[in-house]
Amino acid sequence: MSKIVDQPVLVVCENGNPKRFFWIKKWVTVKAVIDKWNEVGRWWEDDKEKTFYRILAGEGGVYELYLNQKHWNLYRVFD
Amino acid sequence: MFVHLHVHSPYSFLDGASGITKLVERAADLGMPAIALTDHNRLSGSVRFIKAAIKAGVKPIIGCEVTMEGGFHLTLLCKNNTGYRNLCAVLTQAHLGNERGSPMADLHTLASHKEGLFVLSGCRRGLIPSLILQKRYNEARQTAEHYKHIFGQNSFVIELSESLLPGSMSLNRSLSELASSLDLRTVATNNVHYATKEDFQIHDILTCIRTLTKLEDVHPERRLNSENYLKSWDEMKSEYRDYSEALYMAQVLASQCECPLDLRVPNFPAFAYPKGFKSSSHFLRHLVFQGAEKKYGKITHDVKIRLEHELSIIEQLGYEDYFLVVWDLVNFAARQNIRHAGRGSAADSAVAYCLGITGVDPIAHNLLFERFMSLERGEKPDIDVDFDARRRDQVTAYVYEKYGDAHVASVATYNTFQARSSVRDVGKAMGYAQDEIDLIAKRLPHIPGYQIESAFKSLPELRNLDIPGKRLKVLIETAGKLAGLPRFLATHLGGVVISKTPVTWFSPLERSAKGVNILQFDKDDIEDLGLVKIDLLSLRTLGAVEDSLRLIEGAKPDYDRIPLDDKPTFERLQRADTIGIFQLESPAQRGLQARLGAENIEDIVASVALIRPGPIKGDMVEPFIKRRHGEEDITYLDPRLESILKNTYGVVLFQEQVIEIASVIAGFTPGEADNLRRVMTHGRSFDEMEKIGQLFIEKAVKRGITEQVATQIFKCIQGYASYGFCEAHARAFATTAYKTAYLIEHYPAQFYGAILNNQPMGFYPVSTICVEAKSHGVEVLGPSINHSGKDVVVKGPSIRIPFKMISGMEQKAITSIVRERVNGGFKSFYDFTRRVKLDSDVLRNLILCGCFDEFGVSRKSLLWQVKDAYAVRDNPQAETLVAFPGAEAGYGAGDSVSHDHGLVSFPGQIEFSLGEKVAFEYRILGTGISAHPMEIWRSKLKRQGFVSSRELSSIQPGDFVKVGGIPVRPHRPPTKSGRTVVFLSLEDESGLIDVTCFENVYAKYGKFLFPGKLMPLGVWGQVQKRGNAFSVTAKTVFPLSYVL
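Residue numbers (my numbering), protein chains in the order written: chain C, 104 to 182; chain L, 9 to 1052.
Hints in this document: simulated from the structure, not taken from any laboratory. Keep in mind that the hints are not guaranteed to be accurate.
What the hints assert, rightly or not - Pairs of lysine to aspartate or glutamate residues, derived as DMTMM-like cross-links and limited to a Cα-Cα distance of at most 20 Å, are as follows: (1) L:Lys205 with C:Asp182; (2) L:Lys205 with C:Glu117; (3) L:Lys508 with L:Asp543; (4) C:Lys153 with L:Glu224.
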């Protein structure tokens, strides 16, 4: 199960990949990038391509973040 | 350096968004040494790809992404020619062994044709990757082992094909581990579907078109991102940083693949000449001189010299067999009485004339053989022969029978996106409503897709469409980007290849919609492959000629010996009474005939050549007419032009003259002259013509001509950057034009009937032909259930509309009616429905177009009885179904003769109005039988001062008139000024009124001239008289409904 969040978050990167992000008043550390993909969205309405990261957090949780231009969002949280 | 080994071009049909040249040039720009082409299940792009790659200095690798049984993909790459032949065999089985449009190769066939092929495990839709994605690891491993066993460790390679999709990271990791555990190699690809990231949008639209989805819809085949472009070495390195060996392997495999095709190696079969002859040449000479004796009576020195010259070139170039094959086909057609006529530049050949392939004597008309074949060009000759459209398939069948299925196949064509089709398809994908799409598409002229944007800017009928600007902008821009991309493979109209080797050594075969086997290449590719195409074209005019001769009762004219100086025929041409006459019926031709006053066949040859974009834009029409009538001096810019242009009054009319001028005035070499010929016939590029112009002037000046004169001479020939005819072709067409004029003059009922039989043909719709027939004293009778046939029936001066013209009537239905009539004519509507079962929609059409009028029952009454009529037929006891008094008179027909007259009238439902009847007839037959719509409105229009086509000639030129009618063929031909002028005809009950709308009128009333639907128009304008022809120059155009 997962929950769509889709909220802006603060992300710190290393070598282009997220290293940690700030969520509910605390930093969540990225242990591993499980998957990474791009999505174009509704290009005919001028949507820009987003890069999605599915990450395994140090505390064991699984999250999806995406980078839209220069802005990071937490997209989904897996239970 | 990386090499892309999995690349789709537009020949993946709606799954490749960048042209081959763009793909190859990008690979070259990225410094890649090679690139592969791997379209879906076809090799159609191969020839163009090889040529483009060689030009760009990149090694071409040919391959294919093959769909295997179960729908899984494998990527195959040809190591060499053996691999290519094997790939052709695999693809042929995939196409011919399955339902059309769903090719699937079977593993057994692939296994037995594995030699010379690399087999890559494929994209996500490959069996192995898809098993891994489903976490069925053991099955994936077993499959990989199986493939390794079949194809060998060195030839089966695990493909890492995609990155940046959900699951790609783990998929690539699993594939890599699998390869490692089985000691297989991995190779990185990018499953390229377009050249640059920006092209993704075109690909997405194409995918929507292919999957019949809208942009707003989700479909598994729509790509999630724009990563499938031709990535650079750095980009690939970055994405496959953990798989360096797979990246390296792309280059290794590329180095082990060689280009599998040698282009332009001749592959034409030897003709099986009869015993007693030493060679094909020997037999050809025999036939040619035998034919010459028949044609010329006595073979004079000049004839012999000419024939020897031609034969020598044919022999030196090795095309004796080609001529013999074409002779054999024409000979077959003659034996079977299949009407045929050679056309095109082949009419420049005396050999072709003596063999009976063409009907024009090139010696008598001093036609240049080199226009057709020359040693300098060394090109394959192209002989086009027209056959009676309905019997052309018999000739094709003969070819298959004679040379064998394995050696014969039809040529394909690539249907490409044009303006209308682009707008329709993109509009659907964008979610436009059907009526919005119709509105735009029908108003768009038939132009190439790349002109869409300029059309929207310049054409008045495309302005103010009431569609939001942004939305329309996306539609126009996207539709423009699809311009020229191939949509699907279709069958060439008449091109057949006969090959010495089995055709599948060069091309896979697939099945066309008509069920014939077609190659995967078009005519240009075929030529590059060394194959020779023979054009077995179909010409409906020849069918009409054949039909008219058949319909003539009693003594028939000998078509081949129709006198070429028939006075009534030329008088007809002088009256511009040419509707229905081959090549001379368009408004422009009628206008020309009215002024030219043709007196002999030479005038017709000139007519055919004059009304072409080249001579029109080159402003050659007016000078020709004036000089022809001695109203203008015949002058030459250089005295040496006189010998070239004397016969055409100093006007450049034919391509042959252009070539001769270039040689005589500028001293063009054969190669330069040939380049000029190519630009005239193929290139038609303004830039190319400009370059040739510079060369022409430069060389002419060196030969002592002033720059001014050289420039003027070149201007005269520059118009030929557009289409112009060669003289031989014009002569061939002119002969047919004259003969059809002769037939229509002397046998009008038969020829108009034959035109109706062979629809669609010619310039005009059925309704115009019927109006013309009536105005020439031919009675046009409506369809009759007892008197119509499949084809037109002619009786005296009347023609009867045939069943096949009725909308929805299929051959089976026609046959059942005609066959049943043998048992006695139908006595009533119910007698008919009892004896013949038809689809009720078709039966309604029969009623509405008057097929049952002869029973004296109103169409409206019969329409009400359709359902009950079949109920009674199916249940003879159901007479109680009769729901209105008197209707029972028709029921149970046949048994009770006294009731069998079908004189049923529906109380209160007497009949449709005349207007309603005519409207139905137009919809069902394409013409009015009960009346012409203008006849119905005439009295009203007359009261308002409208004049008819019959009355127009009594109006003083310069006076203003109001005219009305049904618009026929509005079009915007090229003009010498370059301004847009719309020509159209208004059809009324007695003929046509030609109308000219200059740019200012068009700008104002374009939406009425091109409304996208049938709309009777009124025109107020000024009467013009040119020669014998009257026309109207429009000042105002309006829908006729405004005044009715």
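Each hint, compared with the structure:
no.: 1; hint: L:Lys205 with C:Asp182; verdict: 36 Å, violated
no.: 2; hint: L:Lys205 with C:Glu117; verdict: 26 Å, violated
no.: 3; hint: L:Lys508 with L:Asp543; verdict: 18 Å, holds
no.: 4; hint: C:Lys153 with L:Glu224; verdict: 18 Å, holds
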